[in-house]
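Undergrad: Next come the chains, spelled out residue by residue.
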Amino acid sequence: MQREVAVTGLGWVTSIGCDGASVLHSLRHSRSGIRPVDWFPGAEDNPVKVAGTVPEFDVSSHAWPLWKYPGQYTLRRDALRSLPPHGIYALCATLQALEDAGLAESEISSPRTGLFCASAGSPMLMRRHLSQIDASSGARGHPLGVVSSISGTLNFNLGAYFKIKGANMGVVSACASSSHAVAYAMEEIRSGRQERMIVVGAEEVNAETLVPFAAMRALSPSAGPDASCPFDRRRDGFVGTGGAVTLILESTALAHSRSARLRALARGWGQASDGHNIAISREDGDGLARAMENALADAALAPRDIAYINAHATSTPVGDLSETRALARVFADHPDVPVSSTKALTGHALSMAGALEAAVTCLCLEDSFIPPQAHLREPDPGCAKLHLPTAPLALGGEYALSNSSGFGGSNVTLVFRRADA
Amino acid sequence: MIPPSEAAEKLPGYPEEVLQAYADYYRERRSHDLDRVVFGLIAFLLPEPPERPLHELPDSTDLRADLQIDSITIAEVVFIIEDLFDLKISNDTLMSLQTTGDLKNHLRKELAG
Numbered sequence: 001m002q003r004e005v006a007v008t009g010l011g012w013v014t015s016i017g018c019d020g021a022s023v024l025h026s027l028r029h030s031r032s033g034i035r036p037v038d039w040f041p042g043a044e045d046n047p048v049k050v051a052g053t054v055p056e057f058d059v060s061s062h063a064w065p066l067w068k069y070p071g072q073y074t075l076r077r078d079a080l081r082s083l084p085p086h087g088i089y090a091l092c093a094t095l096q097a098l099e100d101a102g103l104a105e106s107e108i109s110s111p112r113t114g115l116f117c118a119s120a121g122s123p124m125l126m127r128r129h130l131s132q133i134d135a136s137s138g139a140r141g142h143p144l145g146v147v148s149s150i151s152g153t154l155n156f157n158l159g160a161y162f163k164i165k166g167a168n169m170g171v172v173s174a175c176a177s178s179s180h181a182v183a184y185a186m187e188e189i190r191s192g193r194q195e196r197m198i199v200v201g202a203e204e205v206n207a208e209t210l211v212p213f214a215a216m217r218a219l220s221p222s223a224g225p226d227a228s229c230p231f232d233r234r235r236d237g238f239v240g241t242g243g244a245v246t247l248i249l250e251s252t253a254l255a256h257s258r259s260a261r262l263r264a265l266a267r268g269w270g271q272a273s274d275g276h277n278i279a280i281s282r283e284d285g286d287g288l289a290r291a292m293e294n295a296l297a298d299a300a301l302a303p304r305d306i307a308y309i310n311a312h313a314t315s316t317p318v319g320d321l322s323e324t325r326a327l328a329r330v331f332a333d334h335p336d337v338p339v340s341s342t343k344a345l346t347g348h349a350l351s352m353a354g355a356l357e358a359a360v361t362c363l364c365l366e367d368s369f370i371p372p373q374a375h376l377r378e379p380d381p382g383c384a385k386l387h388l389p390t391a392p393l394a395l396g397g398e399y400a401l402s403n404s405s406g407f408g409g410s411n412v413t414l415v416f417r418r419a420d421a
Numbered sequence: 001m002i003p004p005s006e007a008a009e010k011l012p013g014y015p016e017e018v019l020q021a022y023a024d025y026y027r028e029r030r031s032h033d034l035d036r037v038v039f040g041l042i043a044f045l046l047p048e049p050p051e052r053p054l055h056e057l058p059d060s061t062d063l064r065a066d067l068q069i070d071s072i073t074i075a076e077v078v079f080i081i082e083d084l085f086d087l088k089i090s091n092d093t094l095m096s097l098q099t100t101g102d103l104k105n106h107l108r109k110e111l112a113g
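In order, the protein sequence lines correspond to chains H and U. Heads up, the first sequence is in this note's numbering, so the first residue is 1 and it goes up one at a time. Heads up, the second sequence is in this note's numbering, so the first residue is 1 and it goes up one at a time.
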């Protein structure tokens with residue numbers, strides 16, 4: 001029999017707040033984290049005008065001694081040297097989540113505790129390190145260049161910082177990465193291989209990470225805090241963001257044994273792929289629909305049991321319609337299920353998106369509310385059949401889904417339940 | 001070696017005393033100032049500031065065993081030193097540097113040449 005999994009800790013470094021209370025306030029009051037950015041000063045045709053910037057932190061320099069972070073965190077400076085800029089977000093979010101979960105060092109550095117992370121690495125530091133190597137014809141390279149920039153950098157750094165002794169792994173499936181990380185962390189606990197998992201999603205908010213998406217015509221060229229407007233007729237691409245979110249997952253039995261506060265229950269997950277295109281969602285949403293069906297089956301639930309769906313919808317013309325069709329198919333007999341994409345407020349956090357929205361979903365379950373679909377002025381006619389609330393709603397049930405989709409047609413759906421149900 | 005202004009650009013956010021020691025060495029070429037640069041850099045990369053300046057420790061102080069400096073940190077310090085002083089320190093030499101005295105003596109010899 002599979003073991004039950006609980007979420008016992010959440011940590012936040014996001015565009016809409018750097019602690020749970022701030023994030024909750026932003027969600028309830030549709031306070032956007034999207035701000036103007038000027039990464040190419042003076043450029044006539046600046047492709048990126050806004051992003052979900054991270055308050056309270058400044059990691060814009062490549063040089064770690066210049067980074068600024070909130071004074072509440074006491075970080076060992078030897079640990080900073082090998083971090084990428086988003087690593088400091090990840091470290092702070094994880095310290096916050098571990099404190100939220102009430103875990104001692106001996107419980108963190110234990111063979112029973114593992115760490116799964118997801119990020120795209122640091123293109124900014126990678127560019128700098130490769131430039132040094134290139135300029136010296138291969139003779140000169142920073143000794144920490146690899147571990148601070150490649151896509152496993154969070155595992156290396158956080159694994160060492162917290163002296164992780166259980167599983168330690170990175171997950172790469174683009175914008176589904178940290179949903180996969182949550183899902184497989186759940187599996188580690190369900191199977192008994194681990195008792196507790198730390199799951200981290202993080203990304204940088206800078207030109208090197210985000211502007212390449214403009215070349216794909218995936219980023220919104222719009223300005224203003226409502227440039228991210230999922231399901232709206234005006235949508236013209238996603239708005240990028242970064243930061244870090246950490247979830248602590250534990251076997252419910254272990255959490256109960258130490259009288260931990262349960263934030264939510266992780267009840268199941270499903271995945272399926274589009275079999276279609278390197279980057280574009282399949283029009284009929286078949287892959288995501290099957291991911292949702294698989295998740296419902298894994299949690300032994302029917303569509304009617306679901307009280308809220310946190311959509312992947314990134315505010316791209318094709319993607320949001322694809323998800324709409326997937327939702328229409330799976331929830332044909334339950335069309336009134338409330339759906340919203342909180343990316344309207346946060347921006348799209350790429351590899352971090354799954355962890356961010358899983359945590360948002362847990363927060364909403366815990367606080368018994370459904371966040372509205374912010375920035376929805378004129379719903380796309382193709383999305384008109386969705387129930388997209390324009391004001392916060394009271395949660396009308398116990399279960400919620402969180403969807404994620406990534407390049408290559410990867411789709412993941414997570415199922416959470418209220419802890420007190 | 002590069003001028004102090006370039007050194008400051010290469011070491012953004014590093015302690016003022018290290019940059020001052022570098023400027024002093026650039027001007028006077030005194031071994032004592034060289035030690036302040038090198039051991040100031042090492043001290044800045046340690047988990048906690050040392051109780052007393054590292055360049056005042058006995059030359060027999062073992063970099064790894066006594067100061068708990070791992071090989072990546074030594075490689076990082078050497079990377080910075082190579083940049084500042086326009087030196088090339090081979091892997092074999094790197095492995096042979098066991099004590100603070102080894103490091104001092106090697107750099108003095110290299111820079112004297």
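In case anyone wonders, no lab produced these hints; they're calculated from the structure. A quick note: this is a predicted structure, and the numbers were derived from the prediction, not measured. Warning: the hint list may mix true and false statements.
In silico DMTMM-like pairs for lysine to aspartate or glutamate, Cα to Cα no more than 25 Å straight-line [claimed, not checked]:
(1) H/K68 x U/E48
(2) H/K68 x U/E82
(3) H/K163 x U/D83
(4) U/K88 x U/E48
(5) U/K88 x U/D70
(6) H/K68 x U/E17
(7) U/K104 x U/D83
(8) H/K165 x H/E99
(9) U/K10 x H/D336
(10) H/K68 x U/E76
(11) U/K10 x U/D70
(12) H/K163 x U/D102
(13) H/K163 x U/E48
(14) H/K163 x U/E17
(15) U/K10 x H/D78
(16) H/K68 x H/D298
(17) U/K88 x U/E76
(18) U/K104 x U/D92
(19) H/K385 x H/D305
(20) U/K10 x U/D66
(21) H/K165 x U/E16
(22) H/K68 x U/D66
(23) U/K104 x U/E51
(24) U/K10 x H/D333
(25) U/K104 x H/D58
(26) U/K88 x U/D102
(27) U/K104 x U/D86
(28) H/K385 x H/D420
(29) U/K109 x U/E51
(30) U/K109 x U/E48
(31) H/K49 x H/D38
(32) U/K88 x U/E51
(33) H/K385 x H/D336
(34) H/K68 x U/E6
(35) U/K10 x H/E293
(36) H/K68 x H/E107
(37) U/K88 x H/D134
Undergrad: Has the given pair, H/K68 with U/E76, been kept, meaning a C-alpha gap of at most 25 Å?
TA: 22 Å, holds
Undergrad: Does H/D420 lie within 25 Å of H/K385 when you go C-alpha to C-alpha?
TA: With Cα atoms ~31 Å apart, H/K385 and H/D420 exceed 25 Å; violated.
Undergrad: Taken at face value, is the distance from the CA of H/D58 to the CA of U/K104 at most 25 Å?
TA: 37 Å, violated
Undergrad: Would the hint linking U/K10 and H/E293 be met if the CA-CA limit is 25 Å?
TA: 55 Å, violated
Undergrad: Has the given pair, U/K104 with U/E51, been kept, meaning a C-alpha gap of at most 25 Å?
TA: With a Cα-Cα distance of about 20 Å, the restraint between U/K104 and U/E51 holds, given a limit of 25 Å.
Undergrad: Tell me if the straight-line CA distance from H/K163 to U/D102 falls inside 25 Å.
TA: 32 Å, violated
Undergrad: Quickly compare the C-alpha distance for H/K163 and U/E48 to 25 Å and report which way the hint goes.
TA: OK: H/K163 and U/E48 at ~18 Å, within 25 Å.
Undergrad: Keeping to a limit of 25 Å between CA atoms, is the pair of U/K88 and U/D70 held or broken?
TA: The hint holds at about 20 Å.
Undergrad: Within 25 Å, alpha carbon to alpha carbon, are U/K109 and U/E48?
TA: Violated: U/K109 and U/E48 sit about 30 Å apart, past 25 Å.
Undergrad: Does H/K68 pair with U/D66 here, judged by a C-alpha cut-off of 25 Å?
TA: With Cα atoms ~31 Å apart, H/K68 and U/D66 exceed 25 Å; violated.
Undergrad: Would the hint linking U/K10 and H/D336 be met if the CA-CA limit is 25 Å?
TA: 59 Å, violated
Undergrad: Does the structure keep H/K68 and H/E107 at a Cα separation of 25 Å or less?
TA: Given that 25 Å is the threshold and the Cα spacing comes to 29 Å, the pair is violated.
The structure fails to meet hints 2, 3, 4, 9, 12, 14, 16, 20, 21, 22, 24, 25, 28, 29, 30, 32, 35 and 36 from the earlier list, while all remaining hints are met.
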